[in-house]
Amino acid sequence: PCHLQDPASVMCYLAGVAWFMGLAFEPFTLRTYMSENAMGSTMVEERFPAGERALATGREFAAHKKKVGGMPVDWLVKTMQSRGLEVFTQSFTRKLPFPDENKERYMVRGTNVYGILRAPRAPRTEALVLSAPCSEGNNNNQAVGLLLGLAQYFRSQIHWAKDIIFLVNEHDLIGMQAWLEGYHHTNTTGGDWSPLQGRGGSIQAALSLELSSDVITSLDLVLEGLNGQLPNLDLANLFYAFCQKIGVLCTIQGKLQRNDWDTTSGYSHAAQTMMLMVLKQASGRPWGDHGLFLRYHIEAASIRGINSFRQYKTDTTTIGRLLEGMYRKLNNLLERLHQSYFFYLMPSLSRFVSIGYYMPAFGLLAVILLLRALDLWVQLGASPPGTEDGVPSSPGVLSILTPVVISHMTGVALYTLPILSQEMAVQHFPVSETEAVVLTAIAIYTAGLALPHNTHRLLQGEGTEEGWRVLKLVALLYLAVLLGCTALINFSLGFILALSLVPIAAFITPHTPKALSAAIMVLLSPGCTLLYCVFVFQELQETPVSLQDGWMLFLSVISQGILDHALYGSLVYPLLALLIYPCWLLLWNILFWK
Amino acid sequence: MAAPLTLLLIVAVTIRAVLFRSSLAELIPERVEVVSPLNAWKRVVEGLALLDLGVSPYAGDVFHETPLIIYFFHFVIDYAEIVFMMADALTAVALYLAVKDYNKTVFRKQKYALEAERYPLDCLELIRTPKEMYYIPLKVAMFYLLNPFTILSCVAKSTCGLNNAVIALFILCTVKGSSLMSAIFLALATYQSIYPLTLFAPALLYLLQRLYIPVNWQRSSFWLFTTQYTFMYLGSLCVMVCLSFFLLSSWDFLSSVYGFILSVPDLTPNIGLFWYFFAEMFEHFRLFFICVFQINVFFYTIPLSIKLKEHPIFLIFMQIAIISIFKSYPTVGDIALYMAFLPAWNHLYRFLRNIFLVSVVLLACSALFPVLWHLWIYAGSANSNFYYAITLLFNVAQILLVSDYFYAYLRREHHLTHGLYLKRKDGSEATLVLK
Chain L
1 PCHLQDPASV
11 MCYLAGVAWF
21 MGLAFEPFTL
31 RTYMSENAMG
41 STMVEERFPA
51 GERALATGRE
61 FAAHKKKVGG
71 MPVDWLVKTM
81 QSRGLEVFTQ
91 SFTRKLPFPD
101 ENKERYMVRG
111 TNVYGILRAP
121 RAPRTEALVL
131 SAPCSEGNNN
141 NQAVGLLLGL
151 AQYFRSQIHW
161 AKDIIFLVNE
171 HDLIGMQAWL
181 EGYHHTNTTG
191 GDWSPLQGRG
201 GSIQAALSLE
211 LSSDVITSLD
221 LVLEGLNGQL
231 PNLDLANLFY
241 AFCQKIGVLC
251 TIQGKLQRND
261 WDTTSGYSHA
271 AQTMMLMVLK
281 QASGRPWGDH
291 GLFLRYHIEA
301 ASIRGINSFR
311 QYKTDTTTIG
321 RLLEGMYRKL
331 NNLLERLHQS
341 YFFYLMPSLS
351 RFVSIGYYMP
361 AFGLLAVILL
371 LRALDLWVQL
381 GASPPGTEDG
391 VPSSPGVLSI
401 LTPVVISHMT
411 GVALYTLPIL
421 SQEMAVQHFP
431 VSETEAVVLT
441 AIAIYTAGLA
451 LPHNTHRLLQ
461 GEGTEEGWRV
471 LKLVALLYLA
481 VLLGCTALIN
491 FSLGFILALS
501 LVPIAAFITP
511 HTPKALSAAI
521 MVLLSPGCTL
531 LYCVFVFQEL
541 QETPVSLQDG
551 WMLFLSVISQ
561 GILDHALYGS
571 LVYPLLALLI
581 YPCWLLLWNI
591 LFWK
Chain B
1001 MAAPLTLLLI
1011 VAVTIRAVLF
1021 RSSLAELIPE
1031 RVEVVSPLNA
1041 WKRVVEGLAL
1051 LDLGVSPYAG
1061 DVFHETPLII
1071 YFFHFVIDYA
1081 EIVFMMADAL
1091 TAVALYLAVK
1101 DYNKTVFRKQ
1111 KYALEAERYP
1121 LDCLELIRTP
1131 KEMYYIPLKV
1141 AMFYLLNPFT
1151 ILSCVAKSTC
1161 GLNNAVIALF
1171 ILCTVKGSSL
1181 MSAIFLALAT
1191 YQSIYPLTLF
1201 APALLYLLQR
1211 LYIPVNWQRS
1221 SFWLFTTQYT
1231 FMYLGSLCVM
1241 VCLSFFLLSS
1251 WDFLSSVYGF
1261 ILSVPDLTPN
1271 IGLFWYFFAE
1281 MFEHFRLFFI
1291 CVFQINVFFY
1301 TIPLSIKLKE
1311 HPIFLIFMQI
1321 AIISIFKSYP
1331 TVGDIALYMA
1341 FLPAWNHLYR
1351 FLRNIFLVSV
1361 VLLACSALFP
1371 VLWHLWIYAG
1381 SANSNFYYAI
1391 TLLFNVAQIL
1401 LVSDYFYAYL
1411 RREHHLTHGL
1421 YLKRKDGSEA
1431 TLVLK
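Protein chains in written order, with the numbering used here: chain L, 1 to 594; chain B, 1001 to 1435.
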């Protein structure tokens, strides 16, 4: 069956890609529907009247923000208190491992202000959160205004069965992280914050509101959270249902829904939406302030108001009514949202692909690795009589172990050195700290390519035909298990890595033409995959960038990845550095086996 | 051979010492795969604290170790890490010596058989050579000491490591032919966790074999020795139980330890088959199914003893494997013990049918346990069914592994008597079917 291996692998690969692309085709997707009974048929009437007043509050907030030059804590406390909330503040400081050039921050010092509306109708064991960020410049003032307006309005209503926490967080995710860790008494990333003085019940759901203009044309729903975690699909369904009811244009990934699925452009629109979701999920970073809630088993999403040049405008009163409706429904929940899906992709807001449909795409890619491994196993068993006991004789073990250990040491270096060595790099080269970190990472990554020559010297002509087969078997199984586990936690990341790594893992041998294979391997290495992802992402967002800008963006993506890991505990950077990259190096070793 | 073993021990102890000092030392003892309610270190500490306060350690529902263990740790609590590392080293050395001695016996038997020309001519390639057997004891020690499962178990300070040491010493004493020590260690192992009771049969068979007493119901020498061994076993068991009673002056430990093992009240997820099943079941079926599940562990002793009565050491391996698969609170430490024996059956390799599949599944499952645990407990996006599915797969793979070795062993024995290339009566090539 050896000669059938190659066509079978190619077929599996193509089938996997085709399956994935087919997921965006509307007849293959499912229509979203509300699974949670408590949120389904209950009647809710939305009566929020005070949009104009909320905007006025927002302007007042903006004025105070400008005056203080940051979060107007005193004003917020006073205003929240006057609206009848129990108000508390939390201060936090955080020193970043290196300066964040995108957001221009290094030593972060800030305050979160939150007010709790105690539930009048039930024991206060559960809570909902509505948050709005207090951002730099002129952003999100309207969101804070609307939040305060809603607080005042909710206070006068009697049907709340859950505490509602109104949170204004400073320094977006850093503030959110401080608040959440304070709320749950955890400290996972070593930040420094004051403990929370007041708490509500266990948080069931949270929405984060971002609104920067008085009128908006559409609302965008952001779902992707830390490490690619998604909230329960019912939260998206709830948002969609209310947008339909109230008549607000709603988008996901900034893309409107289209009805012409049977045309090419309709399909490509859906495919683009889905690919954007895949890329965002694969990045493992929180794409809105809601992203950190998911870690605590709290269903959360960000709602972002967008003002573009459409005719159709929505005013703040309507958004207030939408939020009121959503909170009324969430208030009806009897248990945590769990009825609907947690693993899904959305080609549009009303369509979704569940795990059962998208996993085969990954499975088809993973099966190539297993087929190859099986083939190698058969070859190893058939060819030499020397390996009768299954374990090659002890020098063989050593010659396999050496590349494995060295690859992983390189991975550890890639993981630890960039941050450790930034000071030294800054002293010796004319670069900023951020650049130093990124460039060190790239330098170590590239230096890893010199590895085969080093291991070769260590081994001194021990490499045998059988040796590379065993090494490849190890690498294939390692990669298969690694990608499988990754795909379970974060399908998108697993799939993208499989797309680039499976072909080289399947076809690499020491006997392929060296220069060509080396070029292909470098082009398909995890670092280059990241570079392509940056370009594809920009292309899909309809903001294509030049090569130069793309490269700069690539550098900033690396620094953001390292920061996300240090600040919020995102796992993508350690996964790539400690596991995926060494695995790729093993394959690289096989190519230069001698 | 002492030098490589010493080197191995040094490496193994270094790895453990480093891990004890790393941040993983706090993470690993929380893993349900590594510790069970029976052997968690946290519970030992709790029991000791209760003992120091003058309360019975079995008051409450936390402590399930035997009284001897608690008094043992009462004295060495400050050196716990060293104790666990020494237990692992002791297990490895005991297994090393036992397998070395066993291999000598096997080789001697093979030589006699060859001299008597009892093997068919085409079976010469099945004959084991001293060269091939030379490294086996070292490999066994290595499989135990460097197995990630053992290391995890040791770093978690799971008392499973101590039980393994007792069983390893029992095997060593049995192989050396010391029936008194063998009985004492078997009693100690039984006292620790009941299930090693099933090792009574293979030990008896081995000792009988060593003394050239045939298993024959009519022979008085057979009955004499059996009674003698049973008496030594029951006597030492009795002494241990009574000693426990005098140490604590109460019988509380019987229900807290053995009742806890047999009636499975704690359904914390683990890598075994009990928790999910009994969590899902209606309460009034519980007693019946507990009986079924527990009898299942002991049941295999009889057929296996009959089938393998000529090969007691292989029978010990089978029994340990069955115990670690089907016991009520299994941990990875139990699996490590029987996996250490796999190099001893290296010569069966050519008859194994799905070793590749099984090792891939075991590997994948070991990686998936923490992932699915994360998805279930922390992310909340998966549920217990996902985790149990992996548990089930893991156990199916283990069962396949063990039955594969069983089949291979029987097949090799069959070939040694009937020739390697079997012909059917009509002359075509025959295949063996395990029935």
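Possibly wrong hints are sitting among the right ones.
Covered stretches of chain B (in silico footprint by chain L; criterion: 3 or more residues with CB under 8 Å from a CB of chain L, positions within the stretch not fixed) [what the hints assert, rightly or not]: (1) 1117-1124; (2) 1371-1384.
Partner residues are not named here, just some residues of chain L that face chain B (Cβ under 7 Å, in silico) [unchecked claim]: (3) Gln339; (4) Phe342; (5) Val481; (6) Cys485.
Pulled from the structure, derived: some chain B residues nowhere near chain L, Cβ distances all over 12 Å [said to hold, decoys possible]: (7) Glu1046; (8) Asp1078; (9) Phe1107; (10) Tyr1112; (11) Ala1113; (12) Asp1252; (13) Glu1283; (14) Val1297; (15) Ile1355; (16) Leu1357; (17) Ser1359; (18) Val1360.
Think of the hints as simulated: they come from the structure by calculation, not from any bench. Small disclaimer: the values here were computed from a predicted structure and weren't measured. Cβ atoms here follow ideal geometry from the backbone N, Cα and C, with glycine treated the same way.
Verification of the hints:
no., hint, verdict
1, 1117-1124, "violated (count 0)"
2, 1371-1384, "holds (count 9)"
3, Gln339, "violated (12 Å)"
4, Phe342, "holds (3 Å)"
5, Val481, "holds (5 Å)"
6, Cys485, "holds (5 Å)"
7, Glu1046, "holds (23 Å)"
8, Asp1078, "holds (30 Å)"
9, Phe1107, "holds (17 Å)"
10, Tyr1112, "holds (24 Å)"
11, Ala1113, "holds (21 Å)"
12, Asp1252, "holds (36 Å)"
13, Glu1283, "holds (24 Å)"
14, Val1297, "holds (30 Å)"
15, Ile1355, "violated (7 Å)"
16, Leu1357, "violated (9 Å)"
17, Ser1359, "violated (9 Å)"
18, Val1360, "violated (6 Å)"
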